[in-house]
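Could you slot chain W onto chain X? The hints should help.
Protein chains: 2
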Amino acid sequence: MKKQLKKKIMSSVADDLEQIEIALKHSLDPYLELVQTIAGHILFSGGKRLRPLLMVICARMCGYGNNDLIHFSTMFEYLHVATLLHDDVIDQAKMRRGKKAAHHVFGAAETVLTGDYLLAKSLAIAGETGKMAIIQLAAKITEEMAQGELLQMINQRNPHLTETDYLTIVQSKTAVLMQAACESGAIIADASPDILKAVSNYGRNIGIAFQIADDILDYTAETHILGKQIGADLREGKLTLPVIYTLQQANPTERVFIEKIIQDVHFSHTDFEKLIDIMRTYNSVNFCLDQAKAFVEKARKPLMVIPETPEHQILYDIADFVVARDN
Amino acid sequence: MKKQLKKKIMSSVADDLEQIEIALKHSLDPYLELVQTIAGHILFSGGKRLRPLLMVICARMCGYGNNDLIHFSTMFEYLHVATLLHDDVIDQAKMRRGKKAAHHVFGAAETVLTGDYLLAKSLAIAGETGKMAIIQLAAKITEEMAQGELLQMINQRNPHLTETDYLTIVQSKTAVLMQAACESGAIIADASPDILKAVSNYGRNIGIAFQIADDILDYTAETHILGKQIGADLREGKLTLPVIYTLQQANPTERVFIEKIIQDVHFSHTDFEKLIDIMRTYNSVNFCLDQAKAFVEKARKPLMVIPETPEHQILYDIADFVVARDN
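Protein sequence lines correspond, in order, to chains X and W. When we follow the numbering used here, the leftmost residue of the first sequence carries the number 26, and every step to the right adds one. When we follow the numbering used here, the leftmost residue of the second sequence carries the number 26, and every step to the right adds one.
In isolation and in its complexed conformation, chain X is listed as follows:
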């Protein structure tokens, strides 16, 4: 089913993805080769290009077909990758997309500065759109993502993190970017406020669904498919929905054990397996998956106010895909 869905989406957007790939290479023009190398290390290592794609599909759904669309859409991949570079330095992550994280190859300082470059690049492209609303949006979500990441840091290894806290973090650090990509598609097409709102709600909700699915994968995926070690979130002290829910359900003995593992930077493989067992007892993964699917439903609904176009189906499929993916 996953494969079929992926194939279906790919058959609709293959051309766009190819053009986005070319534009990403073309627009990256630092004068320093090192910036090119570090940015290229993460940019061209199999990203899904979901964020630029969202802008492209939403713009087209709203009737925009100019050639510059693909170029504009790259701003969301550059911004995404800029935050990944900074976050990996901050989380001291080891791997990203199946490769050594950039800071392990090129150094933390070099990686932070390349992130700054990409962040600026993204805002420069926002400027090229000539749309003040897109520029303001790009700046605003950059502020928000930095704060979302900080909020996550502040709550590192905090066993009292609630589902609501978790959703606030997810909203700030992940959902706003997909939301902004969709909104920018509508803005560039001069869509009406109603349509802008619908597209914005779609983006936010698939963003949340995407992050929940991502957080589930950290407990269920196979390392070689995920491109990084499972359990990495917990090792970094990040409490995500599967653990938060399990903590809610756990009996006192289990709770003591889980709180211990949360505090333990070097927990053993056996301890991790034991946590997975407790998760199984409470069907935590299924609970999270249901939550993610609920956000997918919330994402699909607003689109119904917009007159039907071929792009609708692609957006529906993408919404389904964000919870069906395995990496």
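In short, the hints are calculated from the structure, not lab data. Keep in mind the model is a prediction, meaning the values are calculated, not measured. Any given hint might turn out to be false.
When chains are identical, the list treats them as one kind, so a pair holds in a single copy or across two.
As the list claims (entries may be wrong) - With a straight-line Cα cutoff of 25 Å, these simulated DMTMM-like cross-link-like pairs (lysine to aspartate or glutamate) come out: (1) Lys27 x Asp40; (2) Lys33 x Glu298; (3) Lys285 x Glu46; (4) Lys323 x Asp239; (5) Lys165 x Glu153; (6) Lys165 x Glu58; (7) Lys326 x Glu247; (8) Lys50 x Asp219; (9) Lys156 x Glu336; (10) Lys299 x Glu279; (11) Lys299 x Asp93; (12) Lys165 x Asp93; (13) Lys318 x Glu333; (14) Lys156 x Glu284; (15) Lys156 x Asp93; (16) Lys50 x Asp296; (17) Lys156 x Asp215; (18) Lys222 x Glu153; (19) Lys323 x Glu279; (20) Lys119 x Asp219.
Same frame as chain X, now just chain W:
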């Protein structure tokens, strides 16, 4: 003479500085208190506010007097401080403006993210100006400053760095920001291309003069006045004009000694004193001061094409001040 010059400038711009100070406090509105704390740590610790002031004076010289000017000008202080936060993490600097550097108080990750927030804040304010040229400029110089800092890193402890290399780094990491502050003042005032060019040249040249003066202070100032330890640049492996020039003049024995101290992260106080002695032999500080003064002259000249206003004198005085300051 220094004190008189400072007093003279202050008497002309005291009101502006006060308003900039208020605007910097007012515009900083993160939802996370931690961002407020970290940003406040560096923002409100005695910065000279030179960059926003340059925008204000240049705008007024070009006939712009709207109330929003002060608010717009804060973008250059936020951008400046964002780069300081990132640079201090990267250089592992210990002190800044007489206080412990932010990352030593709040942690490197928190400091990088606060830098990201301020960078985005700066671009958001650029967006508020409604001037596409200012937005493009802000994004472009952010790209350039990141690359300038990287270029400096790549050349850490490189005894073959030339004066030309040094000026390229100074241009990218320091001068572009003052240049952009001046240009933005002209742009907001809808100044003619000729005036824009003149103001731009003024900004670039005082930026270079400023950095040379800064690099001299690292060898001549008193720690309690400078707000950080002298010799810090060399300890971080940063080769600046005083050392580059001394290396050019040095005899083979001296050269071997200087190259050794450049490579030595933990050079002794005695070694540093010996370097200062060699610098004295070749009058290196005076050579650098003359270079800085030459850039001040280059800065003053372009202003002559602009019809005389009271702001001219302030800009002349600021140009003199950047090489006469002691911190």
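Status of each hint after checking the structure:
no.	hint	result
1	Lys27 x Asp40	within (21 Å within a copy, 65 Å between copies)
2	Lys33 x Glu298	neither (36 Å within a copy, 72 Å between copies)
3	Lys285 x Glu46	neither (44 Å within a copy, 47 Å between copies)
4	Lys323 x Asp239	within (18 Å within a copy, 56 Å between copies)
5	Lys165 x Glu153	both (17 Å within a copy, 12 Å between copies)
6	Lys165 x Glu58	between (30 Å within a copy, 17 Å between copies)
7	Lys326 x Glu247	neither (33 Å within a copy, 66 Å between copies)
8	Lys50 x Asp219	neither (35 Å within a copy, 36 Å between copies)
9	Lys156 x Glu336	within (23 Å within a copy, 34 Å between copies)
10	Lys299 x Glu279	within (10 Å within a copy, 65 Å between copies)
11	Lys299 x Asp93	neither (52 Å within a copy, 60 Å between copies)
12	Lys165 x Asp93	both (23 Å within a copy, 20 Å between copies)
13	Lys318 x Glu333	within (23 Å within a copy, 68 Å between copies)
14	Lys156 x Glu284	neither (48 Å within a copy, 53 Å between copies)
15	Lys156 x Asp93	both (13 Å within a copy, 21 Å between copies)
16	Lys50 x Asp296	neither (44 Å within a copy, 48 Å between copies)
17	Lys156 x Asp215	both (10 Å within a copy, 20 Å between copies)
18	Lys222 x Glu153	both (23 Å within a copy, 22 Å between copies)
19	Lys323 x Glu279	neither (34 Å within a copy, 73 Å between copies)
20	Lys119 x Asp219	neither (43 Å within a copy, 52 Å between copies)
Checked against the numbered hints given earlier, this structure breaks hints 2, 3, 7, 8, 11, 14, 16, 19 and 20; the rest are met.
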